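Engineer: Here the protein sequences come in this chain order: A and B.
Here my numbering is used: the first residue of the first sequence is 1, the next is one more, and so on.
Here my numbering is used: the first residue of the second sequence is 1, the next is one more, and so on.
Keep in mind that the hints are not guaranteed to be accurate.
Stated by the list, open to error - Only some residues are given here: those of chain A computed to face chain B with a beta carbon under 10 Å:
hint	residue
1	70
2	80
3	86
4	90
5	157
To be verified - In silico SDA-like pairs for lysine to any residue, Cα to Cα no more than 25 Å straight-line:
hint	chain 1	residue 1	chain 2	residue 2
6	B	127	B	26
7	B	144	A	38
8	A	144	B	52
9	A	3	B	51
10	A	31	B	6
11	A	144	B	50
12	A	31	B	152
13	A	127	A	27
14	B	144	A	159
15	B	56	A	5
16	A	144	B	53
17	A	3	B	158
18	B	56	A	148
19	A	56	B	115
20	A	115	B	93
21	A	130	A	53
22	B	31	A	159
Unchecked claim - Which bits of chain B does chain A cover? Going by a derived footprint, with three or more residues having C-beta under 8 Å, they are:
hint	stretch
23	11-17
24	47-61
25	88-97
26	100-109
27	145-153
It should be emphasised that the hints constitute simulated quantities derived from the structure, not laboratory data.
Please read these numbers as outputs of a predicted model, since none were measured by experiment.
C-beta atoms are modelled at their ideal positions from N, C-alpha and C, and glycine is treated no differently.
2 protein chains.
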Amino acid sequence: MNKMVENIPYDELVVGQRTELVHTATEEDVKLFAAASGDTNPAHLDAEYAATTQFKQVIVHGMFSAGLISTAIGTQLPGIGTIYLGQDLQFRRPVYIGDTLTVSITVLEKNDDKKWVTLETLVTNQKGEKVVTGKANVMPPTQKIERTLPNIPQVNFVD
Amino acid sequence: MNKMVENIPYDELVVGQRTELVHTATEEDVKLFAAASGDTNPAHLDAEYAATTQFKQVIVHGMFSAGLISTAIGTQLPGIGTIYLGQDLQFRRPVYIGDTLTVSITVLEKNDDKKWVTLETLVTNQKGEKVVTGKANVMPPTQKIERTLPNIPQVNFVD
Numbered sequence: 001m002n003k004m005v006e007n008i009p010y011d012e013l014v015v016g017q018r019t020e021l022v023h024t025a026t027e028e029d030v031k032l033f034a035a036a037s038g039d040t041n042p043a044h045l046d047a048e049y050a051a052t053t054q055f056k057q058v059i060v061h062g063m064f065s066a067g068l069i070s071t072a073i074g075t076q077l078p079g080i081g082t083i084y085l086g087q088d089l090q091f092r093r094p095v096y097i098g099d100t101l102t103v104s105i106t107v108l109e110k111n112d113d114k115k116w117v118t119l120e121t122l123v124t125n126q127k128g129e130k131v132v133t134g135k136a137n138v139m140p141p142t143q144k145i146e147r148t149l150p151n152i153p154q155v156n157f158v159d
Numbered sequence: 001m002n003k004m005v006e007n008i009p010y011d012e013l014v015v016g017q018r019t020e021l022v023h024t025a026t027e028e029d030v031k032l033f034a035a036a037s038g039d040t041n042p043a044h045l046d047a048e049y050a051a052t053t054q055f056k057q058v059i060v061h062g063m064f065s066a067g068l069i070s071t072a073i074g075t076q077l078p079g080i081g082t083i084y085l086g087q088d089l090q091f092r093r094p095v096y097i098g099d100t101l102t103v104s105i106t107v108l109e110k111n112d113d114k115k116w117v118t119l120e121t122l123v124t125n126q127k128g129e130k131v132v133t134g135k136a137n138v139m140p141p142t143q144k145i146e147r148t149l150p151n152i153p154q155v156n157f158v159d
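One chain only, chain A, in its complex shape (with noise of 0.2 Å):
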């Protein structure tokens, strides 16, 4: 399960630099972010309820894709080192269970003096819809890295 990531320091970065991180939500998925978050919105945990909204099931919570974003970002690009300074995000679309979200990070812009990238956040899914749109500022690391990422820790639930 680890895995080696090297990050990208900024001044290794160049505009139009892309990487993408591909997952499908599963039921377990709402289950544990209900779980980290607190937030049992019925919109997310209860069928029944969910039946009687204009999405007529379960959605996956909003904050979900947003947390794959800070995943792509702080494994991917730029990677481990890189400070979260804002995000901006735009939900365009619900999220289903079983949608394959594609998280695609840009970099749109560097400022050299800051030391500050703007990147481009777009999580799509997999009929090609935007789910979310969205600008992330970072300060990227200055310093190449290259680590061994910590295992995901592993969850059972409680019945």
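Got chain A sorted already, so can you dock chain B onto it with the hints?
Structural biologist: Here is chain B on its own, set in the frame of chain A:
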């Protein structure tokens, strides 16, 4: 554990209306958020690596605070039935394990044409320092809903 909640439909919302959610961040929160998002950035999970960073210790995922904001919006103000349209986040200070976060959601503006509201979304720590600032745009529910929230899913970590 089950909590009965009542939402606040658009017509009942008043500019200046406010809710709070208080949560102390634990090491388990960080592990759970890593499990939920796949974000295993060592800044959050690897104490040895974190000691080499400017923060000198592990920091809580920025999107964990964003998750608490979403929880407060989706379960308190305006509550169940709210559609999340957008959120901007400025990460102003690190959050450390043991920090007590207060999420404040305040109605800033009502748009009677679109039936949207703009919310101020502020997260402060136990010192009163702003750790996350920003605004959210949401479409509040049109109907009153009183409902018992689902339980927070309980998990065990597998070593």
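Engineer: Could you run down the list of hints and mark each one as holding or not?
Structural biologist: Evaluation of the provided hints:
1. 70: holds, 5 Å
2. 80: Nearest chain B Cβ about 6 Å off; hint holds.
3. 86: holds, 5 Å
4. 90: holds, 4 Å
5. 157: holds, 6 Å
6. B:127 - B:26: Holds, at about 17 Å.
7. B:144 - A:38: Answer holds: residue 144 of chain B to residue 38 of chain A is near 22 Å, not above 25 Å.
8. A:144 - B:52: This hinted pair holds, its Cα atoms lying about 14 Å apart.
9. A:3 - B:51: Within the cut-off at roughly 21 Å; holds.
10. A:31 - B:6: holds, 22 Å
11. A:144 - B:50: holds, 15 Å
12. A:31 - B:152: OK: residue 31 of chain A and residue 152 of chain B at ~8 Å, within 25 Å.
13. A:127 - A:27: holds, 20 Å
14. B:144 - A:159: violated, 31 Å
15. B:56 - A:5: holds, 21 Å
16. A:144 - B:53: Between residue 144 of chain A and residue 53 of chain B the Cα gap is close to 13 Å, so the pair holds against 25 Å.
17. A:3 - B:158: holds, 19 Å
18. B:56 - A:148: holds, 19 Å
19. A:56 - B:115: Distance of about 21 Å is within 25 Å: holds.
20. A:115 - B:93: holds, 18 Å
21. A:130 - A:53: holds, 21 Å
22. B:31 - A:159: Holds, at roughly 20 Å.
23. 11-17: violated (count 0)
24. 47-61: holds (count 3)
25. 88-97: Coverage by chain A holds for the stretch 88-97 of chain B (4 residues, Cβ < 8 Å).
26. 100-109: violated (count 0)
27. 145-153: Contact hint for the stretch 145-153 of chain B vs chain A: holds, 6 residues under 8 Å.
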